[in-house]
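Q: For reference, the chains in residue letters:
2 protein chains.
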Amino acid sequence: MDRVPILKIGDILLVSIQVDMSDQTAVQLQEDLAERIVATGSHGVIIDITALDIVDSFVGRMLSTIASISKVLDAETVVVGMRPAVAITLVELGLSLNGIRTALNVERGMELVAAARADEHDLEELDDEADAETTASP
Amino acid sequence: MDRVPILKIGDILLVSIQVDMSDQTAVQLQEDLAERIVATGSHGVIIDITALDIVDSFVGRMLSTIASISKVLDAETVVVGMRPAVAITLVELGLSLNGIRTALNVERGMELVAAARADEHDLEELDDEADAETTASP
Numbered sequence: 001m002d003r004v005p006i007l008k009i010g011d012i013l014l015v016s017i018q019v020d021m022s023d024q025t026a027v028q029l030q031e032d033l034a035e036r037i038v039a040t041g042s043h044g045v046i047i048d049i050t051a052l053d054i055v056d057s058f059v060g061r062m063l064s065t066i067a068s069i070s071k072v073l074d075a076e077t078v079v080v081g082m083r084p085a086v087a088i089t090l091v092e093l094g095l096s097l098n099g100i101r102t103a104l105n106v107e108r109g110m111e112l113v114a115a116a117r118a119d120e121h122d123l124e125e126l127d128d129e130a131d132a133e134t135t136a137s138p
Numbered sequence: 001m002d003r004v005p006i007l008k009i010g011d012i013l014l015v016s017i018q019v020d021m022s023d024q025t026a027v028q029l030q031e032d033l034a035e036r037i038v039a040t041g042s043h044g045v046i047i048d049i050t051a052l053d054i055v056d057s058f059v060g061r062m063l064s065t066i067a068s069i070s071k072v073l074d075a076e077t078v079v080v081g082m083r084p085a086v087a088i089t090l091v092e093l094g095l096s097l098n099g100i101r102t103a104l105n106v107e108r109g110m111e112l113v114a115a116a117r118a119d120e121h122d123l124e125e126l127d128d129e130a131d132a133e134t135t136a137s138p
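Residue numbers (this note's numbering), protein chains in the order written: chain A, 1 to 138; chain B, 1 to 138.
If you're looking for bench data, these hints aren't it; they were derived computationally from the structure. Errors might be hidden in some of the hints.
Stated by the list, open to error - Cβ-Cβ distance ranges computed for the label pairs, FRET-style:
| no. | chain 1 | residue 1 | chain 2 | residue 2 | range |
| --- | --- | --- | --- | --- | --- |
| 1 | A | D23 | B | D53 | 30 to 36 angstroms |
| 2 | A | D56 | B | L126 | 39 to 45 angstroms |
| 3 | A | E92 | B | E125 | 52 to 58 angstroms |
| 4 | B | E107 | A | D32 | 14 to 20 angstroms |
As the list claims (entries may be wrong) - Straight-line C-alpha distance at most 27 angstroms; calculated BS3-like pairs for lysine-lysine:
| no. | chain 1 | residue 1 | chain 2 | residue 2 |
| --- | --- | --- | --- | --- |
| 5 | A | K8 | B | K8 |
| 6 | B | K8 | B | K71 |
| 7 | A | K71 | B | K8 |
| 8 | B | K71 | A | K71 |
| 9 | A | K71 | A | K8 |
For each residue, glycine too, the CB sits at the ideal point set by N, CA and C.
Start from the sequences, fold in the hints, and give me the full structure.
A: Here it is, written out as C-alpha cells:
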C-alpha cells in the first residue's frame with residue numbers, strides 16, 4: 001500500500017494524500033502523476049491534504065516539485081483542504097509553498113483550474129490576434 | 001491520521017480508502033459519511049478502493065453497511081477502482097458485496113449515480129402521473 005492512488009475526474013487528476021510520505025512514496029507519486037498527466041492529457045492536478053496533521057519541509061518540497069513537473073506538462077496544480085493548524089505551522093516554519101496555488105476544497109480547486117485555463121486561453125487568443133495583425137500589416 | 005477524508009464534488013461525496021481499516025476508523029467513517037450526506041444533501045457516495053490490495057470480510061461488511069446507511073439517507077453508493085486480484089479473492093472467499101454497485105473508475109461511478117437518480121426521477125414522475133390520473137378520474 002505504498003502508492004497513492006490518482007483519480008481522474010473529467011479534465012482533472014485528483015490525489016488525496018492520507019499516508020505519511022516516505023522518500024520512495026513521494027518519488028513514486030511524482031512519477032505516477034507525470035505519467036498520468038501525459039497519458040490522459042489532463043490540465044489540472046488537485047492535491048487534497050485534508051488528512052495531513054502536519055506539512056513539514058519534506059512534504060512542502062514534494063508539493064513544490066509536483067507543481068513544477070505539472071507546470072512543464074501544461075497542467076495547473078492546486079493544493080486543497082489545508083487545515084488551519086497546518087497553515088499556521090507552515091508560516092511559523094517559514095515554508096512558503098512557492099509556486100503552489102491553494103483552495104479551500106476540491107470544488108473551489110476545480111473552479112481555480114478552470115479559471116486558470118480560461119485566462120490562458122484568452123491570452124492565447126490575444127496572441128493569435130496580435131500575430132494575425134502583424135501578418136496582415138504590410 | 002485515523003479519519004478518512006470525505007471530498008465533496010458537486011452532488012457527490014468521494015471517499016478514497018488508502019489505509020488499513022481498524023474497527024474505530026470504520027465506525028468513524030460511517031458516522032462522518034452519514035453526517036456529511038445529511039449536511040450537504042448529497043445523492044451519491046463513491047468509495048474508491050484502488051489502493052486496497054485485499055478486501056476481507058471486515059472491509060466487505062463495512063462497505064455494505066455504508067451502502068445501507070446511504071440508502072436510508074437517499075444516496076446511492078458506488079464502489080470504484082477494484083483491482084482484478086481483489087475481485088478474484090472476493091469471489092473465492094464467497095463474499096458477494098450485497099447491495100453494492102460497482103464501477104471501473106470514478107468517472108463511470110459518477111455516471112452510474114446520475115443514471116440511478118434519473119431512473120428514480122422518471123419513476124417518481126410516473127407515480128405523479130398515475131396519481132394525477134387517479135385524482136382526475138371520477
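Q: Evaluate each hint against the coordinates.
A: Hint by hint, here is what the structure shows:
With their beta carbons about 21 angstroms apart, D23 (chain A) and D53 (chain B) fall outside the hinted range of 30 to 36 angstroms. The hinted window of 39 to 45 angstroms between D56 (chain A) and L126 (chain B) is violated, with their beta carbons roughly 57 angstroms apart. Separation of E92 (chain A) from E125 (chain B) is about 57 angstroms and conforms to the stated range, judged on CB atoms against 52 to 58 angstroms. Between E107 (chain B) and D32 (chain A) the CB atoms are about 18 angstroms apart, so this pair conforms to the stated range of 14 to 20 angstroms.
In summary, the hint linking K8 (chain A) to K8 (chain B) is supported, as the alpha carbons are separated by about 15 angstroms, within the 27 angstroms threshold. Straight-line distance between C-alpha atoms of K8 (chain B) and K71 (chain B) comes to about 18 angstroms, which keeps the hinted pair within the 27 angstroms bound. Restraint check for K71 (chain A) and K8 (chain B): satisfied, since their Cα atoms lie roughly 26 angstroms apart, inside the 27 angstroms limit. Taking the CA atoms of K71 (chain B) and K71 (chain A), the gap is about 41 angstroms. The hint is violated against a cut of 27 angstroms.
Restraint check: the Cα-Cα separation between K71 (chain A) and K8 (chain A) comes to about 18 angstroms, which is no more than 27 angstroms; the hinted pair holds.
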